[in-house]
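Enquirer: Line order of the protein sequences matches chains B and U. Numbering follows my numbering, with no gaps: position 69 of the first sequence is 69. Numbering follows my numbering, with no gaps: position 109 of the second sequence is 1109.
Facing chain B, according to a computed beta carbon distance under 7 Å, are these residues of chain U, among others:
1) G1043
2) P1044
3) Y1046
4) G1097
5) K1098
6) L1099
7) F1101
Some chain B residues well away from chain U (every beta-carbon gap over 12 Å; in silico):
8) T18
9) F65
10) P81
11) L84
In silico DSSO-like cross-links for lysine-lysine, where the CA-CA straight-line distance does not exceed 30 Å:
12) U:K1052 to B:K44
13) B:K54 to U:K1003
14) B:K44 to U:K1069
15) B:K78 to B:K54
16) B:K41 to U:K1003
17) U:K1110 to B:K41
These are calculated hints, taken from the structure and not from any lab test. Idealized CB from N, CA, C, for every residue including glycine.
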Amino acid sequence: EAGVTQFPSHSVIEKGQTVTLRCDPISGHDNLYWYRRVMGKEIKFLLHFVKESKQDESGMPNNRFLAERTGGTYSTLKVQPAELEDSGVYFCASSQERPPRFFGPGTRLTVL
Amino acid sequence: DAKTTQPPSMDCAEGRAANLPCNHSTISGNEYVYWYRQIHSQGPQYIIHGLKNNETNEMASLIITEDRKSSTLILPHATLRDTAVYYCIVRVSSNTGKLIFGQGTTLQVKP
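Pulled out of the complex, with its shape left as it was, chain B reads as follows (with noise of 0.2 Å):
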């Protein structure tokens, strides 16, 4: 079975411009979630799906990200404009319990 995928693994963007990261979760996965751990600093929680609705998005940093999950089947984090502390790695994770069980491998986001 197919874990947690994401896309991209890697993504260097200039300042300004927009970056969306996907998210796979698990098949049959209902809950869907965010977290990212940006330069040196913890694991951050960042929101929550449980199928197409925002469950919790209580750490979502600022009106700039953007997270969507359409069907409740994989979801979008649409970084819009992008800054230079939004770097760092952006882990989705899926289960059917809470709190999560399977991480993906991260997309590594570095903003010039």
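For chain B, the structure is supplied; the task is to place chain U on it using the hints.
Expert: For chain U alone, kept in the frame of chain B given last:
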């Protein structure tokens, strides 16, 4: 969610048991103890969780003291691939998916 305290780093010889402690003295009655690890730059990996009874799975054992104020994660036969940062997290299971990762314990398994 209750705060946890873990040593910043530990060493373990390959093939020996690795015992990782966690202090959670302010834990509430309905809070579970969860353990995750992150190997190098990979995504975090769920290991095990428990409420008050000791738990064992194919990866590890979790020993929770009777007063629930501390716990120990045991990797029975550590291998080099177990070198990772181990996180002890206390939370109410029915909450959202929000996990609060602290600094964790960096376990170095040595040959």
